[in-house]
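Take the sequences, apply the hints, and build the full model.
Going down the list, the protein sequences come from chains A and B.
For what it's worth, my numbering labels the leading residue of the first sequence as 1, then goes sequentially.
For what it's worth, my numbering labels the leading residue of the second sequence as 1, then goes sequentially.
Bear in mind the hints are in silico, worked out from the structure with no lab data behind them.
One or more of the hints may lead you astray.
[Unchecked claim] Distance ranges between label pairs, derived from CB positions: (1) G405/A - L9/B: 29 to 39 Å; (2) S264/A - D44/B: 24 to 34 Å; (3) R43/B - A207/A: 53 to 63 Å; (4) E209/A - E22/B: 55 to 65 Å; (5) K2/B - G93/A: 21 to 31 Å; (6) D6/B - A66/A: 16 to 26 Å; (7) L9/B - P406/A: 29 to 39 Å; (8) N8/B - D267/A: 42 to 52 Å; (9) D6/B - P350/A: 27 to 37 Å; (10) L4/B - A401/A: 48 to 58 Å; (11) N8/B - L286/A: 37 to 47 Å; (12) G27/B - D182/A: 28 to 38 Å.
Cβ coordinates follow ideal geometry from the N, Cα and C atoms, glycine included.
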Amino acid sequence: MSENPIVIVGASLAGLRAAKAMRTRGEEGEIVVVGDEDRLPYTRPPLSKGVLQGTEEPESTDLGGADLDVSWRLGERASAVDPVAHEVALEGGSKIPYRRLLVATGSRPRQWKGPGRDLDGLFTLRTIEDSLALKERFAERPRVVTVGAGFIGCEVAATARALGLDVTMVDIAGRPLPAFGDQVGDWLAQWHRWHGVKLRLGTGVEAIEGAGQVEAVRLADGTKVDADVVVVALGAVPETGLLEESGLELTSGVRCDATLTSVSDPDILAAGDVAAWPHPLAPSELQRVEHWSNAAEGGRLAGRNLLLEPHEREAHAALPTMWTDQHGLRIQVAGLPARADRTHTLEAEPDGHRRVTVCSRDGRICAAVAVAAPRRLGWYREHVKSGTSVEQVVAALESEAEALGPPVEAVWA
Amino acid sequence: MKVLVDMNLCQSHGECVVVAPEVFELGDDDVLRWKEDVGEELRDKMEEAVESCPMMAISLED
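Structure follows, in structure tokens:
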């Protein structure tokens, strides 16, 4: 068994960084990376922004995998894992034995399953091909509806507006990016309206209508929005299909311990979107984070841990960070905003857009959301890490010369 | 080693500042500043900083 290669399923950012970390640590054995796309790993954030808009070439997303000494098995899909035999089965029947295995399969867009699901003009966005296909359709200057006002819905709406298209964003939630609370959401809704995005919030979608081709989106309140293109942006589902028969414990994702090791098998680790693990900031919960930095950092850590015995492995403790760009402003987040029970806007430029909102749980800060204020976010990171109380942070802000302005919406019990 | 940052790519995400605050800093204008000449003892951290950058703007030169 010790002669077998280390196998990574997922020619992704996480998979690439894991392979790189192993080579940096001196691993000389064979590393096999299986990827279902016919491409070397690439970075995805530009796919809803610059690549879609046409300001960035798709080639610029390449992550440099060609320079790495690994055996790529691209255009091949892993269909099953047998932990007892230590084998990965590929669609088509071949099998790859492994010494240790990293699952870095990411996630796939949740599809629209309601009426109209087979119409032409329906898109989801995950791959370069998805982005280029949508870009091509955008060139016909369609009326666009995004079903969903999460990260992808918001970014696609912003990009479509940058191209001068007619855009409506629909969500059953009352605000865009509802995960960041009402204050961020209310501000962001205004920001989208200001840039000409029509919002239909607080109402679900009943059906996508058309004869062969999308013509309209029918909403739960009975109204219709005319559309030529519908971008389904309903979130993502962790890609665990290959593990369904494996006996490995799955939750939403691969259930891991703090070191990204499967709780069922010390020879199998997971990283990126597909890993559900207890972050040290919330040890009794499982986190799954579908963002760039988590894939990069988790992949690197998993690569190092793959070379170690279970008791030597390190916890994936990096503070999660994420960002989104919408209509020329960047929103950055540090921490675990999904844990929040309240939000407080603690700084806002009196006559500008820069602002910081913190998310708290039981009165302690668990995340900070900064709009166009990366240096200020740095100030909050330590408070997020140590779980400082909101009151203490407010007190500290009084002597903080760099604060963007006085609190505008400090809301707490 | 020399630390190079392509300022045409840098968008002030600040991830490198988190990894190595002794080398990288966002100024009060939110523009990145950094030390170009860095001792060999920081190589691991600098490699981590290179990988932390979502824009792939950082590179190292011996």
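Checked hints:
1. G405/A - L9/B: 29 to 39 Å: holds, 31 Å
2. S264/A - D44/B: 24 to 34 Å: About 32 Å separates the Cβ atoms of S264/A and D44/B, which means 24 to 34 Å holds.
3. R43/B - A207/A: 53 to 63 Å: holds, 58 Å
4. E209/A - E22/B: 55 to 65 Å: The hinted range 55 to 65 Å holds for E209/A and E22/B, with Cβ atoms some 59 Å apart.
5. K2/B - G93/A: 21 to 31 Å: violated, 50 Å
6. D6/B - A66/A: 16 to 26 Å: holds, 20 Å
7. L9/B - P406/A: 29 to 39 Å: holds, 35 Å
8. N8/B - D267/A: 42 to 52 Å: holds, 44 Å
9. D6/B - P350/A: 27 to 37 Å: holds, 35 Å
10. L4/B - A401/A: 48 to 58 Å: violated, 32 Å
11. N8/B - L286/A: 37 to 47 Å: This hint holds: roughly 40 Å between Cβ atoms.
12. G27/B - D182/A: 28 to 38 Å: holds, 33 Å
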